[in-house]
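K.L.:
Single-letter residue listing:
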Amino acid sequence: MTFDGSMTFDYAPAPESRSVVDIAPSYGLFIDGEFAPGADGKVFKTVSPSSEEVLSEVAQAGADDVDRAVRAARKAFEKWSALPGAERAKYLFRIARIIQERSRELAVLESLDNGKPIRESRDADLPQVAAHFFYYAGWADKLGHAGFGPDPRPLGVAGQVIPWNFPLLMLAWKVAPALATGNTVVLKPAETTPLSALFFADICRQAGLPKGVVNILTGDGSTGAALVAHPDVAKVAFTGSTEVGKAIARTVAGTDKKVTLELGGKAANIVFDDAPVDQAVEGIVNGIFFNQGHVCCAGSRLLVQESVADEVLDALKRRMQTLRVGDPLDKNTDIGAINSAEQLARITALVEAGEAEGAERWAPDCALPGSGYWFAPTLFTGVTQAHRIAREEIFGPVLSVLTFRTPEEAVAKANNTPYGLSAGIWTEKGSRMLWMASKLRAGVIWSNTFNKFDPTSPFGGYKESGHGREGGRHGLEAYLNV
Amino acid sequence: MPITVPAYGKEAAGRLASMADVTADDGALRRFLHGLPGVDAVGLEARAATLGTRSIKTTAKAYAIDLAVSMIDLTTLEGADTPGKVRALCAKGINPDPTDRTAPKVAAICVYPDMVATAKEALGDSGIHVASVATAFPAGRVALPVKLADTRDAVAAGADEIDMVIDRGAFLSGRYLAVFEEIKAVKEACARPDGSAAHLKVIFETGELQTYDNVRRVSWLAMLAGADFIKTSTGKVAVNATPPVTLLMLEAVRDFHAATGVQVGVKPAGGIRTTKDAIKYLVMVNETLGARWLTADWFRFGASSLLNDLLMQRQKLSTGRYSGPDYVTVD
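So the protein sequences, as listed, match chains C and L.
Quick note on numbering: the first sequence equals residues 1073 to 1554 in the working numbering.
Quick note on numbering: the second sequence equals residues 775 to 1105 in the working numbering.
Please keep in mind that the hints were generated in silico from the structure rather than gathered at the bench.
Do not take every clue at face value.
Claimed, not checked - Capping the alpha-carbon separation at 25 Å, the derived lysine-lysine pairs in PhoX-like fashion look like this:
| hint | chain 1 | residue 1 | chain 2 | residue 2 |
| --- | --- | --- | --- | --- |
| 1 | L | Lys1010 | C | Lys1403 |
| 2 | C | Lys1403 | L | Lys831 |
| 3 | L | Lys784 | C | Lys1403 |
| 4 | C | Lys1283 | C | Lys1389 |
| 5 | L | Lys835 | C | Lys1403 |
What the hints assert, rightly or not - Example chain L residues on the side facing chain C (calculated, C-beta under 7 Å, incomplete):
| hint | residue |
| --- | --- |
| 6 | His808 |
| 7 | Gly809 |
| 8 | Leu810 |
| 9 | Pro811 |
| 10 | Gly812 |
| 11 | Val813 |
| 12 | Asp814 |
| 13 | Glu819 |
| 14 | Arg821 |
| 15 | Arg828 |
| 16 | Ser829 |
| 17 | Lys831 |
| 18 | Ala834 |
| 19 | Leu841 |
| 20 | Glu1061 |
| 21 | Thr1069 |
As the list claims (entries may be wrong) - Here are the computed distance ranges between Cβ atoms for each label pair:
| hint | chain 1 | residue 1 | chain 2 | residue 2 | range |
| --- | --- | --- | --- | --- | --- |
| 22 | C | Pro1436 | L | Ser792 | 26 to 32 Å |
| 23 | L | Arg1066 | C | Arg1433 | 26 to 32 Å |
| 24 | L | Thr827 | C | Glu1315 | 34 to 40 Å |
| 25 | C | Ala1421 | L | Ala787 | 41 to 47 Å |
| 26 | C | Glu1315 | L | Tyr1096 | 31 to 37 Å |
| 27 | C | Ala1108 | L | Tyr1101 | 48 to 54 Å |
| 28 | C | Val1126 | L | Pro780 | 20 to 26 Å |
| 29 | C | Arg1176 | L | Tyr1096 | 35 to 41 Å |
| 30 | L | Gly1064 | C | Asp1292 | 44 to 50 Å |
| 31 | L | Thr833 | C | Lys1147 | 55 to 61 Å |
| 32 | L | Asp795 | C | Leu1395 | 33 to 39 Å |
| 33 | L | Gly898 | C | Ala1084 | 33 to 39 Å |
| 34 | C | Lys1511 | L | Tyr1096 | 58 to 64 Å |
C-beta: ideal position from N, C-alpha, C; glycine also.
Produce the complete structure using the sequences and hints provided.
P.N.:
In structure tokens, the structure reads:
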């Protein structure tokens, strides 16, 4: 072989093995420590979005199932909440250890059911899932020192409804603090990604968790609605769309249910002319293309200082050309499949609106697989605040690029949104970074990085991005009677 | 983007002349280097780590292993070097795997100046280059005339490539123009009477420059002064080539190429010992600079023990079995 620079270095397929995960052809509901079919026998299919292959059939929980699960959780609450914190911690530590031991299996499962690349489920999702359980295990016997009084009490049954973008991680964000504080849980995973929650049910059994402490109900929006409306649910935790969040807020209005809502976002990623350009480009890519852009805190609006806009855009386009779109189980895939046909249709519609409104669309040359749901990484230039793609959450791999002239203008444009979940600031100047951070109306602000998560750090939004905080010491408050 | 010309070609000088305003005096050079975009250490290291997770298997691995072998500057830089040792290394460079003559030969044999003639003779018409360290390697702490004499001596003895060290003291004290002028002078000393010239690799000793901002600045400085290759390290200090430092140098080469059209090579050296590491570097080159740089003309590994690990992995791929250290040569 001669090496004269004429050959390309093509990466051979490097698929992670599917054989590490054993998916049953059907699953029941996990209530009171047992898997059982739904009361009315209804089921639905869950498919792999990268191939449209049916992975399994799961039960559709109805109102009777919700009632049975909440009663099981209520019954379990008496003993669970009376356990010393150190005893509850043992279960959480055990769950965390089992998740670590089974992380390869769970990562493959998550990539199959969700469509996200294995590199991300392996290196981002699963380590964070385990970290959340470890972190809140540590709090379980220290609640009296968390700043909520000497002996803060749990609330009761937490009804938790989670989205499809980080199925197991969102479960961890919800379940770990709930159990650490002495609550019991009825959790409904998203309709399109039920499998990892069902595997988690198995992990609860493996850890010997008392029956009824964690109950998993699969189903669609009606299941979630019945759960949050159930009179014995003392605490509602929801992550998902602003539309559903508003409906939940209406449902619980006038009751004594405690609610946290983590909803949509349209985050500004703000790049100043003195930014570390190569790292800013990585941050932009990570901000919007991580997890196919299915991230509520995605940096979906790039605000770049006009004086460096061309330079940054050239570098960004060059970088986007190296993104590898394809099989989620290939270890070299950067961007996987869109989670569902429905979501793909929503992304496509908004992108068409962007073109119709006169923004300029650009995407690198990349072949998309023939079956499954796919969308090429895309950016729009010439976007103004008046465009729909600058205002509405796309929840896909689509970046809207806007420019600004001064820091004041950057703040004004960044805050000019009904949302307020996250923001990014790229500058080498510390004083400007701190000034910006104090002016931006967003729950999480990253500087010279983006989409960094840690169980010790609280996460949540302003305005239509929701209320309440998850993670860190703050995350305990939502599950305590304080 | 201007048409690409190699850094060692005649046209490159004209391209560099177009940047003469930034190297006109100490002030201009300082303003230019300090005006380059900063480097965020966390982000740079994260990017290098992510590229390190690429999974290179089967045919891609076979390609990468042979490519890596062909890019090695097989090196011996010891006080104890003897003609016998150098000749043994040359023989290994020509036929790295005595049991498999399809293994590619290495790119160059890298020695001290007094061993150049020996290496040249041992390599004969193999096509393998002789690279010589010069300019009072590794510390470089002698007067400029001595450095130039060291360089001329190596070139006269037949060196195809000169690996010079920069004056880190001058760089760290902010005397950028002094460093620039010294590189230029060494480049001139690389000229041969027939009008050709030895290729110049400029070693930064990034372990001593410490900060990533310094690495970006020194990369531009050396390329502006006419470096054909930029090289991380001597291999003689505690911290040698690292993936983030090399990635940053690749980015500087990419940006310099975009600005001038001049193609410059990159050589990480020191500390790269395993096939796994070498492949990570090739992935960085591939995804930062592209196929044009994936040749021994534009990317090298300064290494000695790396070769045997590559050969063992190569044997594993072709036979399906791990052989062991007794099935590769100890030189």
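K.L.:
Each hint needs a verdict: does it hold in this structure or not?
P.N.:
Status of each hint after checking the structure:
no., hint, verdict
1, L:Lys1010 <-> C:Lys1403, "violated, 36 Å"
2, C:Lys1403 <-> L:Lys831, "holds, 10 Å"
3, L:Lys784 <-> C:Lys1403, "violated, 44 Å"
4, C:Lys1283 <-> C:Lys1389, "violated, 53 Å"
5, L:Lys835 <-> C:Lys1403, "holds, 14 Å"
6, His808, "violated, 12 Å"
7, Gly809, "violated, 10 Å"
8, Leu810, "violated, 9 Å"
9, Pro811, "holds, 4 Å"
10, Gly812, "holds, 4 Å"
11, Val813, "holds, 5 Å"
12, Asp814, "holds, 4 Å"
13, Glu819, "violated, 10 Å"
14, Arg821, "holds, 5 Å"
15, Arg828, "holds, 5 Å"
16, Ser829, "holds, 4 Å"
17, Lys831, "holds, 5 Å"
18, Ala834, "holds, 4 Å"
19, Leu841, "holds, 5 Å"
20, Glu1061, "holds, 5 Å"
21, Thr1069, "holds, 4 Å"
22, C:Pro1436 <-> L:Ser792: 26 to 32 Å, "holds, 31 Å"
23, L:Arg1066 <-> C:Arg1433: 26 to 32 Å, "holds, 29 Å"
24, L:Thr827 <-> C:Glu1315: 34 to 40 Å, "holds, 37 Å"
25, C:Ala1421 <-> L:Ala787: 41 to 47 Å, "violated, 56 Å"
26, C:Glu1315 <-> L:Tyr1096: 31 to 37 Å, "violated, 58 Å"
27, C:Ala1108 <-> L:Tyr1101: 48 to 54 Å, "violated, 60 Å"
28, C:Val1126 <-> L:Pro780: 20 to 26 Å, "violated, 56 Å"
29, C:Arg1176 <-> L:Tyr1096: 35 to 41 Å, "violated, 24 Å"
30, L:Gly1064 <-> C:Asp1292: 44 to 50 Å, "holds, 47 Å"
31, L:Thr833 <-> C:Lys1147: 55 to 61 Å, "holds, 59 Å"
32, L:Asp795 <-> C:Leu1395: 33 to 39 Å, "holds, 37 Å"
33, L:Gly898 <-> C:Ala1084: 33 to 39 Å, "holds, 37 Å"
34, C:Lys1511 <-> L:Tyr1096: 58 to 64 Å, "holds, 60 Å"
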